[in-house]
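Residue numbers (the working numbering), protein chains in the order written: chain E, 1 to 422; chain Y, 1001 to 1461.
There could be a bad hint or two in this list.
[As the list claims (entries may be wrong)] Subject to a maximum C-alpha distance of 27 Å in a straight line, what follows is the list of computed BS3-like cross-link-like pairs (lysine-lysine):
1) 117/E - 40/E
2) 234/E - 1271/Y
3) 87/E - 117/E
4) 40/E - 73/E
5) 14/E - 1354/Y
6) 1354/Y - 419/E
7) 14/E - 114/E
8) 87/E - 40/E
9) 1354/Y - 234/E
10) 1359/Y - 14/E
11) 1359/Y - 299/E
12) 1459/Y - 11/E
13) 1354/Y - 299/E
The hints are simulated quantities; they were obtained by calculation from the structure and are not laboratory data.
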Amino acid sequence: MNKNKEQLLNKRYKAEQRFRLYGLSAIFMALLFLTIFIFKIFSTGYSAFQKTWLIVPVTFDAELMMLDQNPSKEDLQDADYYDIALKSMADLDPNANEDQENELKRMVSYFFEKEIKNELLNDPNLIGKTKEVYLTASDDLDQVFKGNYPRDLPEDQRRVSDYQLKIFDQLVANGKVESKFNISFFTNADSREAELAGIASSFMGSIFSILVCLMIAFPVAVLAAIYLEEFAPKNRFTDFIEVNINNLAAVPSIVFGLLGLGVLLAIFQLPRSTPLVGGITLSLMTLPTIIIAARASLKAVPPSIREAALAMGASRMQTTMHHTVPLSMPGTLSGTIIGLAQALGETAPLILIGMVAFVNTIPGSPMDPAASLPVQIYIWAESAERGFVEKVSACIMVLLGFLIIMNLFAQIIRHKFEKKWS
Amino acid sequence: MNLILFTFIVLLGFTSYYFGRKKAYTIQSTKKRLTALPQFYGYYLAIWCAIPAFIIFSLWAIFEPTIVKLLILSDYSNQGYLDDELNLLYEKSKALSRGQFTGEITPFIEASAEKYLSLRSIAQSSKVVIVLSAIIASVAYAYKRISSNSRTREPVEKFLNAVLFTASLAAILTTVGIVFSLIFQTIDFFKVIPLFDFVFGTHWYPAKAFVRDSSEVLDPTMYSDTFGAVPIFAGTFFIAFIAMCVAIPIGLMSGIYLAEYASTKVRQYAKPLIEILAGIPTVVYGFFAALTVGPFLKELGTSMGLEVSAESALAAGGVMGIMIIPFISSLSDDVITSVPQSLRDGSYAMGATKSETIKRVIFPAALPGIVGSILLGVSRAIGETMIVVMASGLAANLTLNPLESTSTITAQIVVILIGDQAFGDPKTQAAFALGMSLFLVTLCLNIVALRVVKKYREKYE
């Protein structure tokens, strides 16, 4: 009898421990996913912040460039750089035949002509001399240098030929290949060539969309929250508005994309693919988030504040505008920033309103076609070239960086400025 | 141009505020009592400046394009053009006047373009004149009207109240906008494709419905067996099911652990860390699923002798489940914490262990709230787009094998609408019909979930 009881008790304690273990392992799993996730992104992405350069001696032969004696600045602008660019690449291997010369050319980006031109424009005295110029390596060689390229594949399955690898290895052995911080990743617009593609255009697109979103969503949401929390009579219509807000907060984002497409583009005829339309669509999406946050922080202002103001003879509007709203601002602002951070990471609605178009210029206003950072991630992730994989991860790192900064900012506002009433 | 005008009007508003307040001070200096604080006199005048400007701006925005179009097309009336051709002509001349025209330039179009430009400039300048004169007139009128005993605070506050009320309508307007943008395309779609074929058809090949010539007579038989949405709906619920299989156990157990077992310190760090998972953009999850999880599962399957598609439903659903974990864990944590302590104490007093208390007392008490949080999670899973677009297949495939690829409502919408769309084409309309069904399904789930959670909260508060 006693033994039975003890067994039962033991069993129950074991069950207790098991249950606790389940809980712990669930949390552990969730955190494990997070770690794997971040590790994977960082380990594939960090190399994109480095760019591989080939150091190639270029002879600025005036004759080949069709330049006269003492050329002016315009002459230098219009000169023909293609021949000397080709020649300097071909000179890497004096014994190269025509096919091999072509392969040599493809070891650098198609931008190489311009890079050589810029070198001369910076220093016009170089004419007739030879200088070692940094040329952007092609994305495949970039990956080879970073060790991400499967060199042991059979040659016909690679985009880099054995010949190119041979020359490249010689260059590496001579110290003519260098890896430097990839500035162009931040200053270039998108490109079909992985080695030249950058995030400048999508970054500006994101900034413009977020600004438009902020300018629309913030005032409307705060005013709506003030009305609902401070002035609205308790009736069915107010209830209806509330049900609407709560529902909108849970409507899938892609539906907002359909709204943008069907109303903003089709009926109002706003320009396609622009951050303006993207921002308006995102603002409709963030509106409920900000309203809910603003209402919560208005609600947190204790009634004694309102009563004191009313007792001093302030009208209800004055009480609200002079006392309640300023006191609720920290909470509202941090809610706004969190809403904007959500909007910044949103992709699907922007795809529907055409912000996936290939844009190789940096937009100067919200009316210019642009992509946004998450859409850029999508575009690059769908590209087949190996060089884009690390670009995607790097772009994700930039995006996550922004999200972290925004969330930290929201936390700081909340902790520094929010008054604790108790 | 408009920006300059706008800035100017804002400046005018500030000036009127200044003059209103100044007048109030003048009245005050004559030892007369004011009925409101001086700044209300200023606000009053500023409102009298803003209202006419707003009315005229909106009138212009609504009527200017229509009138200009009518005037331009009046040149072409009685020449036997069809409506569509006239619209095209108008668009062409508009494009030409902006320098964006790339077709053949005919004298007609050139003339229209010139006329368009001149009409636009007439419209612009008349707008400037009318707006400014209206503002000056109304502000002058109001300025004369205000005196020591005129009421200014009440109208100003009424106006503010009206503005606040209008802002609160934004939520309703958005909902109306959603329904409006979906419903017309959906109705048009069901005019061509019978509702029955859409709901019960088992073949989904929207690529078959190529863009038609608008003159061609609609032939419904052309689309039979093209827009059967069963595989899409099945795929959507299937992937959502896989996601919930991952999210419910992990999310619920971590919610319980955080609420009942974890020390304050663990809770303080673990909760925000788990919530990071909810803050990661979905496109990042999509990339992770497509690049890491999909190939990993494929390799794993091959080593076990299974045939796994690189775009399997399992990869998309599993990653989606990870995304949903924090929704369920946070919500169920909240729900469990709000179960009154007295229930726990009663159970402990009877000698129950902690896990027995949780399983037999707290869980049943918190069940409605937990169900609500799960329903919200399901609604998330159904509406999730980027993970499926990037990691699951794009061809609709009626299957219950998690190792094969399937497609979802959201993925199909993106596939159809990416790139240029032709409105009026059944393929485009199909995307809107899918959007409508998505909206309705998530709406129902949300309403039920929110109601359940609300009822539950009321019970214990």
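ask   = Okay, which hints does this one fail, numbers in order?
value = 1, 2, 4, 6, 7, 8, 9, 11, 12, 13
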